[in-house]
Each structure stands twice: as C-alpha cells, then as structure tokens.
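Chain by chain, the residues:
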Amino acid sequence: MEFRPIISAMLRNRTGAVLVALQVAITMAVLVNAAFIINDRMKLLAQPAGVDVDSIVSTLIYAFDPDYDWDGERRQDLDVLRNLPAVEAATTINSLPLSDSGWSSGWRLEKDKEESDISSAMYAIDEFGLATLGMELLEGRWFRADEVRMLDLTGGSDFVDSVVVTESLARKMFPDESAVGKPLYTSTGESVTVVGVTSDVAAPWPKSAEHETGGLYNVTFLPARAAPPVARYVIRAASGDAAALAPEIEKALTDRGSGRVVMDLKLHSEIVDETYGGDIAMIRMLTTVIVLLLAVTSLGVVGLASFNVRSRTKQIGTRRAVGARRRDILRYFLVENAVMTGIGVALGTVLTFALNLWLVENYDLARLDPTWVPLGILGLLLLGQIATLAPARRASLIPPGVATRTI
Amino acid sequence: MFTYYLRLAWLSIRRNPILTALMVAAIGVGIGACTTTLTVYYLMARDPIPEKSDVLYRVLVDSWDPAEAYYDGDQGTAPPFMMTHQDAVALMRSDIPTHQSAMYRSAFVVESDNPEIAPDTYSARAAYRGFFDMFDMEFVFGGSWDAAADENGELVVVINRALNEDLFDGKDSVGRELKLSGTVFRVAGVVENWNPIPRFYDLNGKFRDSASLIVPFRTAVNLESDINGSVSCWKPEDINSFADFLNSECVWIKFWAQLDSPEQHAAYMDFLNGYSQEQKSLGRFARPIDNRLIDVMDWLKFRKVVSEDNVVLVGLSFLFLVVCLLNTVGLLLAKFIGGASLAGIRRALGASRAALFKQHLVEVGVIGLSGGLLGLVLAALGLKAVRGWFEDFEKITQLDWSMIGLALGLSLLASVAAGLYPTWRVCRIAPARYLKTQ
Numbered sequence: 000m001e002f003r004p005i006i007s008a009m010l011r012n013r014t015g016a017v018l019v020a021l022q023v024a025i026t027m028a029v030l031v032n033a034a035f036i037i038n039d040r041m042k043l044l045a046q047p048a049g050v051d052v053d054s055i056v057s058t059l060i061y062a063f064d065p066d067y068d069w070d071g072e073r074r075q076d077l078d079v080l081r082n083l084p085a086v087e088a089a090t091t092i093n094s095l096p097l098s099d100s101g102w103s104s105g106w107r108l109e110k111d112k113e114e115s116d117i118s119s120a121m122y123a124i125d126e127f128g129l130a131t132l133g134m135e136l137l138e139g140r141w142f143r144a145d146e147v148r149m150l151d152l153t154g155g156s157d158f159v160d161s162v163v164v165t166e167s168l169a170r171k172m173f174p175d176e177s178a179v180g181k182p183l184y185t186s187t188g189e190s191v192t193v194v195g196v197t198s199d200v201a202a203p204w205p206k207s208a209e210h211e212t213g214g215l216y217n218v219t220f221l222p223a224r225a226a227p228p229v230a231r232y233v234i235r236a237a238s239g240d241a242a243a244l245a246p247e248i249e250k251a252l253t254d255r256g257s258g259r260v261v262m263d264l265k266l267h268s269e270i271v272d273e274t275y276g277g278d279i280a281m282i283r284m285l286t287t288v289i290v291l292l293l294a295v296t297s298l299g300v301v302g303l304a305s306f307n308v309r310s311r312t313k314q315i316g317t318r319r320a321v322g323a324r325r326r327d328i329l330r331y332f333l334v335e336n337a338v339m340t341g342i343g344v345a346l347g348t349v350l351t352f353a354l355n356l357w358l359v360e361n362y363d364l365a366r367l368d369p370t371w372v373p374l375g376i377l378g379l380l381l382l383g384q385i386a387t388l389a390p391a392r393r394a395s396l397i398p399p400g401v402a403t404r405t406i
Numbered sequence: 000m001f002t003y004y005l006r007l008a009w010l011s012i013r014r015n016p017i018l019t020a021l022m023v024a025a026i027g028v029g030i031g032a033c034t035t036t037l038t039v040y041y042l043m044a045r046d047p048i049p050e051k052s053d054v055l056y057r058v059l060v061d062s063w064d065p066a067e068a069y070y071d072g073d074q075g076t077a078p079p080f081m082m083t084h085q086d087a088v089a090l091m092r093s094d095i096p097t098h099q100s101a102m103y104r105s106a107f108v109v110e111s112d113n114p115e116i117a118p119d120t121y122s123a124r125a126a127y128r129g130f131f132d133m134f135d136m137e138f139v140f141g142g143s144w145d146a147a148a149d150e151n152g153e154l155v156v157v158i159n160r161a162l163n164e165d166l167f168d169g170k171d172s173v174g175r176e177l178k179l180s181g182t183v184f185r186v187a188g189v190v191e192n193w194n195p196i197p198r199f200y201d202l203n204g205k206f207r208d209s210a211s212l213i214v215p216f217r218t219a220v221n222l223e224s225d226i227n228g229s230v231s232c233w234k235p236e237d238i239n240s241f242a243d244f245l246n247s248e249c250v251w252i253k254f255w256a257q258l259d260s261p262e263q264h265a266a267y268m269d270f271l272n273g274y275s276q277e278q279k280s281l282g283r284f285a286r287p288i289d290n291r292l293i294d295v296m297d298w299l300k301f302r303k304v305v306s307e308d309n310v311v312l313v314g315l316s317f318l319f320l321v322v323c324l325l326n327t328v329g330l331l332l333a334k335f336i337g338g339a340s341l342a343g344i345r346r347a348l349g350a351s352r353a354a355l356f357k358q359h360l361v362e363v364g365v366i367g368l369s370g371g372l373l374g375l376v377l378a379a380l381g382l383k384a385v386r387g388w389f390e391d392f393e394k395i396t397q398l399d400w401s402m403i404g405l406a407l408g409l410s411l412l413a414s415v416a417a418g419l420y421p422t423w424r425v426c427r428i429a430p431a432r433y434l435k436t437q
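Chain order of the listed sequences is X and H. By numbering that gives the first Met the number 0, the letter at position 11 of the first sequence is numbered 10, and the numbering carries on one by one without gaps. By numbering that gives the first Met the number 0, the letter at position 299 of the second sequence is numbered 298, and the numbering carries on one by one without gaps.
Treat the hints with caution; some may be incorrect.
Stated by the list, open to error - Listed below are several chain H residues computed to face chain X (Cβ distance under 7 angstroms; list not exhaustive):
1) ALA25
2) LEU318
3) VAL321
4) LEU324
Stated by the list, open to error - Listed next, the stretches of chain H that the computed footprint assigns to chain X, with coverage defined by at least 3 CB atoms under 8 angstroms from CB atoms of chain X:
5) 110 to 122
6) 235 to 245
7) 306 to 313
8) 328 to 337
It is worth saying that the hints were derived from the structure and are not from the lab. In this text the structure is predicted, and so the values were computed from the model without any measurement. Built from N, CA and C at the ideal position, the CB exists for glycine as well.
Using the sequences plus the hints, can you model the full thing?
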C-alpha cells in the first residue's frame, strides 16, 4: 500500500489537506447534532393523538344575538350535520387533542383530601363523542344523552355525575383493579363515578403535558356541553377524508340560521400542525442546512481533488509511464481523500460532542446518543470517496505519454 | 488603479467560470442561511417599543398557592404572570404610576348597519384608558374615553384604523353606534393600527396583531365577555357564577404600569408591598412577599420570546458559513495558485507585492459581494418559504435594510477573511520559477 508517498505528498501541501479535514470536522459536528435534533422532534410529532386526526374537522359557533336559542340551535345544527351523507358522526367538545389549548384539573381519590392525587386534561363532550373521536371503549360504557349537562367552565352550573377516563389515567389511579364504578372527587368535594375506560387519547398539550397533567394521556371525558356564547363542533368524515368534507360543513352551518358566526373551520390535521409549528419549522430548516452542508462539502472535495489532479498531471503521467496501473492512480486519490477525511472525522468526533455539550448546557436539548457518531463518521467517509471518484477517474485516464511529451 | 484591478478580476473570473461559480455559490448559500436565521432572530429579539421600553413594567404580585410557586423553572421561582380580578381592581386605585392598565383579551361579534357586511368576530382588548397613553397610541379620530367610562363601565369603544376602513370607509366614525355581540356601543375614537412585534403586553399569540376593538375593562367584565387567554386557578373554590369567578383566586389579568423615575419605581414597589401586607392580614397572600416590576425587555427575556430553537439555528447556520468559507479558501487557493504564472509575469514586469496583493483582494471582494447578493436572493427565498409554512411567522420573516446591509457586509468581510491566506500565498511566489516554465 502506498501510504508513505501519500502522506509525504500531503505534508508538502498541507493547506489543502487541512482545509478538507476542517471542513469535514465542522460538517460532521453540525450534521450529527442537527440530525439528532431532527430525530428528537420527529419523536415528538409521532406521539399518537389517539383519535383519527385526518378524518376530523372542527368549527366554532359564536352566538351574538341576545335572543339566540343556544340549546335548540345546537341540537338542530348537530342533527343537520349528522344527516349529511358524508358525515359519520358529530359532537360538541371544549377543546381537541394536540390543539395546544384546553382545560386541566385535578382528581382526588378520597373525599376531603388536601391535595389532588392526579391531574388530568378535561374534555367536555356529549353522547356522540365516542363515535366521533373514534377511540375504543375498553371497559364500562360511554355517556347517555340524559347525563350530558351544560357546564360553564367559569362556574354557574352543577357538576357532572359520571366521567370516562383513558386507559393510562385509569391505570395510574387504580393500578390493580378496574376503574369502572370507582368514585373520584373534585377539589371542592363534588363526587363523580367512573363509568367507562377508553383507549388513550392525547391531552391538548403535547409539549407541556408532563408539566400540566403529569402525562400526555392523562385524560378525562365529562358528559357536558359548553355554555354560551361559544361552542365547538367536531365532525368525523365517513370517508376518512376530512378535507373533502370541510366545505360542505361550512355551507350547511352558514345556511342555517342567523344570530351567530361560524368560525375557525379547520381540519384537525391543520390544528395539530399549528401546535407543532415551531418544531416542524425547526425540522425543515435543519434538513435544509444538512442538505446544503453536504452539497457544499462534497463540492469542496470535488474542487480540491480536481485541482490536485490538474496540478499533478505530469507526475501522474510519469507514474503511469514507469508502470503504475490505472487503478493504482484511482486508488491513490481515494486513499488520499480517506486519509484527509479520516483526520477530519477524528477531529469531528470531538467537535460533535463539544457542540452537543454546548447545546445541552445552554439550551433545552437532549444529550446526544453516542451511536449516532459512528454513523456520521461512516457517512462522511463515504461522501468523501464518492466525491473523489470522478476526479480520480479522470486522473486514472491520463495517458503515460503526457510525461514524455512535456518534459 | 482600482478599475484596472476590477478588469483584471473580471478577466480572471472569465478564465475560471466554474471555479468562480462554485465560490460564489458557497458564499451565497452560507450568507443566505445566516441571513435567514438572523432575520428571524433579530425580529423576534428586537425592542417592540424602543422609546419607552425601560419605563414600562409588567406588574406581578404573588397571590399564589402557599404550597408551591406559580413558576418554578430554569429561571428560579416567580409569582403568577397574571393577576386576580380583585387585585387588578385594587391596584388600579394607585395614583403612583404615570399611566397604568389592567387588561385582558376578548372577542366580539361586530354587526354593521351595512347589510353587505356580514357579522364577524374581531379580537378585543379590555383595558383602562391608561392603555392608550402608556403605549403612545396615536388617534386618527376622537380620543380615549374619559375616567367616568372606566369607572362606570360605559358602552364606548375605540376601534383601529383597519376596522374603521372596513366598517365606515375610513371616515370619522366618532359618535357612531356599533353593535358588539348584541350590545350597542358608541365609538369614542379611532386609533392608528399598532402591531408591536413581539406583542409584548400580551404574549399569548406573541406575533399576532393587536386587537381591532378596545373597550373599557369594567364594561367587558360587566358583559361577562369571553376571556381569550389563560386562566389559572390553584385554590379549591366553589365557583357558581361569573361573580364568584371574579372574586376567586384565579389569575387571568395582565397588568402594566409606566414608572418614569427611580423614585416613582421605589414608591410603587412600596405600595405593592404594602398591598401584599394588607392582604396577608386579610388571610390572602400566604406566600412570602415577592412582588415584581419587570421592564419590557426583561419580560421578553423571561418569557423566552426568542425561542431557544432560534438561537440554536443561528449558531448552526454560522458554523455552516464557516464550512462554506473553508471551502472558498480551498477553491481560491486552487484558483490563485493555478494562475500563479500570470502573477509571476506581472511581478517580473515590475508589479510590487503590494500591488499584487491589492489586485487579488479586489478579485476576492468581487466574488464575495456577488456571493452576498446571491445570499440575499437565497435569504429572501428562504424567508418566503418559512413564511409560507406558518401564519405566525408572517411578521418575523421580513428582510429590512439593516439585514441587507448586514448580509452584504458579512459577505465582504467573510470573503476577505477567506481570501487573505490565498492572496498572501500568491504574492510570495518567486517570479523566476514561473517564467522558466513558460
């Protein structure tokens, strides 16, 4: 193997090698850390909503006419919606999973306890809620129509009697037994009975759920509907494609009655995207940076290798004339790049951890999983080889005659 | 001489178009990435009300749960960011601040007399008249309501210019009637559209527009207008009516005060502490007294208006620029050494090293500035892409002259930094060596 001549040639022209190595090192540090952050955000985005996000659309009804028949209009609205052939089910709810805005409260497992035992997101929903959101009923039953009452979240009404909780919340409150039939107490001592357990549904706050409720899937459903003036309807498309349904819903609701404004008609997928807005932007920006970085670095490698090939034409010719084969020339350039990139990734490993350390210390980012580093090393070595291939091939095609002709 | 060097640079660029294009592209994407992230950062981090930001204070009083602090995070503990209704009303009685206002965000459905305008919801701010003076709002027509309106909760409203255009064709609408969610209000004034970025006085929707409607705080509360913002409660209380809610320990009101002098600041702090003491004797405020007056920029910093993601992006994009520059150094070196024979001839014909140095630096500058221009185009495209992703980014993705200047300056600086070493190398060339091979 011709390591020695490669090294000594490099030592004669250090600048080029140092530049490539430095470029590779910084590229690696940025690449690995950016990819790691992207992966972290992807995991956040992948948290299941527990409801079929793509088939749900929601809208707000804002009543402004003092004579508006709040209950009657709502009933008729929902009847009209449910009778649309494209609609599978419709309900009212106070806020939606992963919508970043909602209501949380604490439950006490014993009456008159000072502190609440567990905190939960609260969804006020009616008897059609299960069919609309589409989660699974694992135990007990869903709400009956006669249980649903008007609930003003800032007060002014009796509390509900029954609740349905998610599997996660049920298991946290009653680890060893069924939650169905168990009483729960509010901070003011009102008691409710758990009548059913559903599969997990996400709370509204994917990023602060730990802080708000101690878990993204700590969720309670209350059989309640909103007090005037604002109500939210949720509609599930029979076809599973809410986008196609949205215009029809808007028309059906605007055509019905006056004295209210129909607003914020949105696909649930849009709402979830807004919640994750900053994270999606971060993923896209970092992906752009990674792509550009790899492009710039590989172009740099191509540029330097091409320059070397050009300036060494005579030497290559000479080597060919004294017996070097084409593939020896090819290998020379590939090995030369591997050595430079190798130094680069060695330095890059240190830089990668240093950059991660800085990010962890100063910003709320996760510590790097070390298995990402060998991946970065392999990737950059491969990139270097691929980038060198074309100039190296050109070098290998230099005819031996060049040497004799120009001397 | 400079134009001669420019011509030489042009010739040299023409000789190696691909290598030159690569360099311009490398500097361009590096500058483009940095300008994009810096613009977002700069617009997020800027002072939204520079002429007064050091005399406007967010007022926090600690009415929270004796068992735990409202905020306990990486910046220590803090009292609630918002206020209870009873505290806000009590603090409004102080005459120490130059201006002050309790406020919250609400919404009304606006019904116009004009049948062609369908009823629609508009955001509203419930505030005291101090709001207008405190934030230096300019009136197009009329003025703020009087103290009696604040006191009695009169049905008056101030609308912004945009809404006045929509409803009244931009004409003087003072005294006109406006139906808000079924209640008839009288227009007291029209204010200039004012959308500070970030919306420092209410960070729920920090990059969104300010409200179209401003109504007296008392009026909004009397109408039990919707609270479009956070409500946080800690105390188990029976809340069975809006009146119960107003008397509860729930916090939901934002409070700002203007304190022009250190004496005023000290006097107001004394007043707040006295108030806390008084509340303690009434059985409230069980936590240690921890009242805060936080000025605009400190408030934005505390609430992390510039997200950490943004700082990280700026950092990473500058590292990216470094990679682009290393790349450029390599390419310049290749180019200059490749053209060394020409340099050798010029030296042999009598050009001094300094002249060669200047000539090459001019070439580097031309490449750098071209890269900077390309970078600006790329940044404009990048910002457009970011803006297209989310409506909230609309206001923080606008290139302005200072960013354009910064981008061009940065590209020139960066390219000259990148060009110094290659230029130095080419100037040290012994002319004889290159003359020989010709």
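**Request:** Any hints from earlier that this structure breaks? Give me their numbers in increasing order, please.
**Result:** 4
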